[in-house]
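Chemist: Here are the chains, one letter per residue:
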Amino acid sequence: MIYRETGNFVTNYFKDREIFPLKFDKVVVILGLLYLFLYVPTTSEYFLSAHVIPILAVGLATVGLNILTGLTGQLSLGTAGFMCVGAFGTYNLMLRVPDALMSLPFALLLSGIFAGLVGVIFGLPAIRIKGFYLLVSTLAAQYFVWWFFNSYAWFLNYESSGVVAIAPKFYDYWGLGNFLGVDMQGYPARYLLALVICIGLSYFAKNLLRSNTGRNFMSVRDRDIAASVMGISVPKAKLLAFFISCFYCGVAGGIYSFLYIGNVDLMIYEVDRSFTILFMLIIGGLGSISGSWLGAIFVYEFPIIFTWVGDFIFQGAFNTAVVENVSNMVYGVFIIALLIREPGGFAALWATTKQKLRMWPYPH
Amino acid sequence: MDWVYLIEVLVGGLMSGVMYSLVAIGFVLIYKSSGIFNFAQGTMLLFASLTFVKMTENGIDFWTSLFIAAGIMVIFGVVTERYVIRPLANQDLLALFMATVGLATFQEGFSQFIWDSDVHGLQMSKFLDIGLLDPAPIFMSDHVPWLDILIPKFDIFASLVAGSLIVVLAFFFQKTKTGLSLRAVSDDHMAAMAVGIPLQTVWAVVWAVTGIIALVAGLLWAERVSVSFTLIEAVMKALPVILIGGLTSIPGAIVGGLVIGVGEKLGEIYLADVFGGQGIELWFAYFMALMFLVFRPQGMFGEKLIERV
Amino acid sequence: MSDILKVENVTLQFGGVKAITDISFNVKEGEICAVIGPNGAGKSSMLNVINGVYLPQIGTVTYDGVERQSINPRDAAIAGMARTFQNIALFQGMNVLENIMTGRNLFMKSTWLEQGLNIGRAREEERVNRLAVEKVIKFLQIESIRKTPVSKLPYGLQKRVELGRALVAEPKILLLDEPMAGMNLEEKADMSCFILEINKEQGITTVMIEHDMGVVMDISDHVVVLDYGKKIGDGSPSEVMANQDVIDAYLGVSH
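Residue numbers (my numbering), protein chains in the order written: chain A, 85 to 448; chain B, 766 to 1074; chain C, -5 to 249.
For reference, chain A alone in the conformation it holds in the complex (with noise of 0.2 Å):
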């Protein structure tokens, strides 16, 4: 078998430390990558726009929400809120901002740090206020965010449909699409964009969670005044938690708007995008970087495949409402059962199942 870890002897430090610590975890990746990068982007434009893109978006808000829920133990339903800053964010730096200056990969970074910043803003109560009370300021980031952004016209440049379409010239990074001869409007460019920024803040992430800052929100989550009693300042993590976390969610909404929808749009922020974040939070297992991703693939494309199945297998029985309500109920219950069953969600799953087969044929 190859799926083993004989032979694999771990001689420093920093070998223990690695990420896929098994050769064959190490083909896999190195072949994954070749597939995201070389491939994918040669599949057919719906696939991407339709599928892809949107994954990449939405998962990366859930890495986002689980660094602050998941290893901080900080309970957020304003990922959407503050989505709608980072969208909002490089729409505007986009547009004011000479172009000589910006470009969009930077104003999606960019708009990041100002979702962070709101982020730790409303982070402050957290500092005083414990457990399900928090929800009171996540929440109030979510309604107020929103509710900024509809009341100020100026940040919509005055569109009165309220909706922005964006436009072409957005897409270009100076002149690098010219240069290249590329399309960067197109779903490619678009996508390897949105994959070379998913792939490099899920790697910062992973690194964090194994990191010194990592443990401190941990230990924030698992006993506060422990880890005060240790010399670990949790204000400090707390706000640090929040900061990264909407920064995450930031650039994702900057995707989401940018490189999936194409429009800026309120109503893609409101209250029960942050729920369905959540939902993947949950159902991937809190506390894995993969596991989040996991947990949007399966959120994001359950209805998806559902209408399928009711258009190919019962001729379109299923119309939008039962699609979403069934959806609802899948959800409803995937979560209750995996937090019975098995609490770490999917990662935990796929955890076992590659622990499974790296003793296989044998059963422990």
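Rather than coming from a laboratory, the hints here were simulated on the basis of the structure. Nothing here was measured: the structure is a model prediction, and the numbers come from that model. Misleading hints may appear alongside valid ones.
Quick list of the computed label-pair ranges, beta carbon to beta carbon [what the hints assert, rightly or not]:
no.	chain 1	residue 1	chain 2	residue 2	range
1	B	P852	C	S(-4)	55 to 63 Å
2	C	E191	A	R442	34 to 42 Å
3	B	I840	C	Y244	51 to 59 Å
4	C	F8	B	K940	50 to 58 Å
5	C	K132	A	R180	57 to 65 Å
6	A	K440	C	F8	51 to 59 Å
7	A	K440	B	G886	32 to 40 Å
8	B	E998	A	G270	55 to 63 Å
9	A	F121	B	P852	39 to 47 Å
10	B	K940	A	K440	34 to 42 Å
11	C	R140	B	Y848	53 to 61 Å
12	A	L208	B	E998	39 to 47 Å
With a Cα cut of at most 27 Å, we get these calculated DSS-like pairs of lysine-lysine [as the list claims (entries may be wrong)]:
no.	chain 1	residue 1	chain 2	residue 2
13	C	K141	A	K290
14	A	K290	C	K103
15	A	K99	C	K146
16	C	K194	C	K129
17	C	K129	A	K99
18	C	K141	A	K99
19	A	K99	C	K103
20	A	K438	C	K146
21	C	K224	A	K320
22	A	K438	C	K194
Don't be surprised by glycine CBs; every beta carbon is placed ideally from N, CA and C.
Given chain A, work out where chains B and C should sit, using these hints.
Modeler: Chains B and C in isolation, oriented as in the chain A frame:
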């Protein structure tokens, strides 16, 4: 300063506060007896009232429908306790909360799947021949000459219902043996089991009762905003209420409701100009709760969270 | 040897309940001081006052030459105090290695950015601190469980891990709250050896709350006895055991 107008606004706020507190009471009941933050409270409202409305629309009379709906809520409560709460009893509260989020999602889908997603109006005065349910408002000026405001009779009815509910529940918790068991369970359910309190029965009772409260609250809310999934938004508004009042206090839920109800109305009228936009009530309630909690992290009447090391 | 810790006239009240009434005692640098007394005597509270978790109404604690009425637990940690807790305060979501690594957080100077990128200073720090942690792991003989989630460990091992977490911070003074509670004879023997060795080899002053008289007599240099929040004995183990008040307190003579 138009005093009469101010009073009208205040009264309106109080009434809407009562509505919020009806939802909040259900939350508090469950939290008080199990420490679980029941996110499914709103969807329970929806499910209960939707069930009731579908029955009455199909010709079943008021009291039978009410009875059946209540019965269904009781069954739902027992089933929830058995299949959702009990298996998770040894996990931490965050997990239980997430389970209620899952429950809420499931219930939202299920209610609309079983019945439908349409909006259903509800007018209880069609069923009950009680003067108070008559949609016509009371002209307060008939009773107090200078008080030229209108108070919908329905709001008075709702307040009475809420008030009686509080009294009954408060009595229940303080004076009865079951109430005492519930309080013991919420403090420390392992210890409660150790002294022989039948945990599962107690929880089943709590969830069933909460279901019935959800039915009552749902019907009252439905009268105002009709039965549809937007009813769930009532929950979102009730959250700041509970959090201000303190998660463990039933009177707190009432007071919190009144504070939020009045505060919202006042904010909308007087502050909307300052902030240049309507829809301020969306986040104003939350901001009030936030300010409150920063100074009193356990809410007005909530039990102080004491952590021992 | 000088006094590293001086508790002076400390009184601690919770509402109407006086947990500690006018207690004073000194701890010499490098000694093992056992704080004993019947349950509810105020021992844990005393420890909590020393490292700043509780704020006394009256009295001061002089640590390392600095007299303070109160100290922030974080500052106490930075000043070299490390402790364990009566009911084990390990981080249940992490494994043994991670838990003990948290004990090194004050030594980690790299920023979160560096840690997220896993570059340079962050990588090296992780390695260096891992080395320090491994020394302690080896000392406490818990190598085989380093990747085990602490929630899966038996009580006795969890207590050992907690000791490791405190030790790894290279403290000047170790505050142990019932380090041997719930252990059997063998585990107690092991734990006593560890505590002795930590004290003798590394010179770390140890203040420990303990119930087992045998252990107290065997390993401590200095004993302080509390009862109903008051100090009723203070001296060497043999002095204290001969003290009539102490004997009365333990035998339950009403007072």
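Chemist: Now, for every hint given, state plainly whether the structure supports it.
Modeler: Hints, verified against the model:
The supplied range of 55 to 63 Å is met by P852/B and S(-4)/C, whose beta-carbon atoms lie about 58 Å from each other. At about 38 Å, the beta-carbon gap between E191/C and R442/A stays in the expected band of 34 to 42 Å. Taken as a hint, the range 51 to 59 Å holds for the pair I840/B and Y244/C, whose Cβ atoms sit roughly 58 Å apart. The supplied range of 50 to 58 Å is broken by F8/C and K940/B, whose beta-carbon atoms lie about 30 Å from each other.
Range check, K132/C to R180/A: Cβ separation about 60 Å, and the 57 to 65 Å hint holds. Between K440/A and F8/C the CB atoms are about 52 Å apart, so this pair conforms to the stated range of 51 to 59 Å. A hinted range of 32 to 40 Å for the beta carbons of K440/A and G886/B is inconsistent with their spacing of about 56 Å. Take E998/B and G270/A: their Cβ atoms lie about 40 Å apart, and the range 55 to 63 Å is violated.
The hinted window of 39 to 47 Å between F121/A and P852/B holds, with their beta carbons roughly 44 Å apart. The beta-carbon spacing between K940/B and K440/A, approximately 56 Å, falls outside the hinted interval of 34 to 42 Å. Checked against the hint of 53 to 61 Å, the pair R140/C and Y848/B fails, with Cβ atoms roughly 38 Å apart. Between L208/A and E998/B the C-beta distance comes to about 27 Å, which lies outside the given range of 39 to 47 Å.
For the given pair, K141/C sits about 18 Å from K290/A by alpha-carbon distance, which is consistent with the 27 Å threshold. Between K290/A and K103/C, the direct Cα distance comes to roughly 19 Å. Compliance with the 27 Å bound is thereby established for this hinted pair. Proximity of K99/A to K146/C is assessed by CA-CA distance (about 26 Å); at most 27 Å being required, the pair is judged to hold. Distance hint between K194/C and K129/C is fulfilled; the C-alpha atoms sit about 17 Å from each other, no more than 27 Å.
At most 27 Å may separate the alpha-carbon atoms for a hinted pair to count; K129/C and K99/A meet this at roughly 18 Å. Our distance criterion of 27 Å between C-alpha atoms is met by K141/C and K99/A, whose separation comes to about 15 Å. Restraint check: the Cα-Cα separation between K99/A and K103/C comes to about 22 Å, which is no more than 27 Å; the hinted pair holds. Using a Cα cut-off of 27 Å, the hinted pair K438/A and K146/C holds, with the two alpha carbons roughly 21 Å apart.
A C-alpha spacing of about 38 Å is found between K224/C and K320/A, which places the hinted pair above 27 Å, so the restraint is violated. Straight-line distance between C-alpha atoms of K438/A and K194/C comes to about 47 Å, which puts the hinted pair past the 27 Å bound.
Of the numbered hints stated above, those contradicted by the structure are hints 4, 7, 8, 10, 11, 12, 21 and 22, listed in ascending order.
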